[in-house]
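Produce the complete structure using the sequences and hints provided.
Those protein sequences? They're chains G and S, same order as listed.
Going by the working numbering, the letters in the first sequence line up with residues 1 to 113, in that order.
Going by the working numbering, the letters in the second sequence line up with residues 1 to 110, in that order.
Calculated from the structure, these hints are not laboratory results.
In this text, all values refer to a predicted model and were calculated from it rather than measured experimentally.
Every residue gets a Cβ at the ideal spot worked out from N, C-alpha and C, and that includes glycine.
Treat the hints with care, as some may be off.
Unchecked claim - Chain G stretches covered by chain S per the calculated footprint, using a threshold of three residues with CB under 8 angstroms from any CB of chain S: (1) 10-22; (2) 41-55; (3) 81-94; (4) 104-113.
To be verified - What follows is a list of derived Cβ distance ranges for each label pair: (5) 39(S) - 2(G): 17 to 23 angstroms; (6) 26(S) - 54(G): 25 to 31 angstroms; (7) 3(G) - 30(S): 38 to 44 angstroms; (8) 20(G) - 54(S): 43 to 49 angstroms; (9) 27(G) - 52(S): 26 to 32 angstroms; (10) 45(S) - 8(G): 19 to 25 angstroms; (11) 16(S) - 59(G): 21 to 27 angstroms; (12) 69(G) - 63(S): 39 to 45 angstroms; (13) 52(S) - 80(G): 46 to 52 angstroms; (14) 109(S) - 69(G): 42 to 48 angstroms; (15) 28(S) - 82(G): 32 to 38 angstroms.
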Amino acid sequence: NAGVTQTPKFQVLKTGQSMTLQCAQDMNHNSMYWYRQDPGMGLRLIYYSASEGTTDKGEVPNGYNVSRLNKREFSLRLESAAPSQTSVYFCASRGRGIRGELFFGEGSRLTVL
Amino acid sequence: DAKTTQPPSMDCAEGRAANLPCNHSTISGNEYVYWYRQIHSQGPQYIIHGLKNNETNEMASLIITEDRKSSTLILPHATLRDTAVYYCIVRVDNNNDMRFGAGTRLTVKP
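Encoded structure:
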């Protein structure tokens, strides 16, 4: 039972390079999320997807694009990486219902030089 | 969504109760209060949630004031493993937007 799986776990990029963070969940959840966490800070919501085929901006969407490929997968793309995007990125999914708790992946540590 | 205010840090002695406050003075009638915690650099973990009534589970208790403008998460017997950042979130049930804020860094000391 994998839960939420993120790849890659670590990545180093040069300024201007592009990359895609992959996220997959096996819990049949409708909603999926991407957060970033800078050192010593709380999590900030980048984008979320309430269901397959829909995406919405969160607090800090600039510089990112997302794709909800199917119900299982939600990817985050950096088209032209900047040093300010150095962070730990977390993907999460959430089930239905009032409890609707978030389940998080292990995080992806991205460094942009 | 209503915003929350939490103290940036708190200390607690091992074995004592840890009481973590959260202010959500602009909360709406249909917004739930959720608590999560993040240990080290792991992804946050759900603890508990409530609407009006106090709630208790195997991890913690949640006390919500009658006017719902504030709440307190109680860890009844804190252990060193409870050292973490604790986040208070308010959310409308049918709203998928989940924002965390800065949280409270709880340090449990021996």
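Checked hints:
no.: 1; hint: 10-22; verdict: violated (count 0)
no.: 2; hint: 41-55; verdict: holds (count 7)
no.: 3; hint: 81-94; verdict: holds (count 4)
no.: 4; hint: 104-113; verdict: holds (count 4)
no.: 5; hint: 39(S) - 2(G): 17 to 23 angstroms; verdict: holds, 20 angstroms
no.: 6; hint: 26(S) - 54(G): 25 to 31 angstroms; verdict: holds, 27 angstroms
no.: 7; hint: 3(G) - 30(S): 38 to 44 angstroms; verdict: violated, 29 angstroms
no.: 8; hint: 20(G) - 54(S): 43 to 49 angstroms; verdict: holds, 44 angstroms
no.: 9; hint: 27(G) - 52(S): 26 to 32 angstroms; verdict: holds, 29 angstroms
no.: 10; hint: 45(S) - 8(G): 19 to 25 angstroms; verdict: holds, 23 angstroms
no.: 11; hint: 16(S) - 59(G): 21 to 27 angstroms; verdict: violated, 35 angstroms
no.: 12; hint: 69(G) - 63(S): 39 to 45 angstroms; verdict: holds, 42 angstroms
no.: 13; hint: 52(S) - 80(G): 46 to 52 angstroms; verdict: holds, 48 angstroms
no.: 14; hint: 109(S) - 69(G): 42 to 48 angstroms; verdict: holds, 46 angstroms
no.: 15; hint: 28(S) - 82(G): 32 to 38 angstroms; verdict: holds, 37 angstroms
Consistency note: the structure conflicts with the earlier hints numbered 1, 7, 11.
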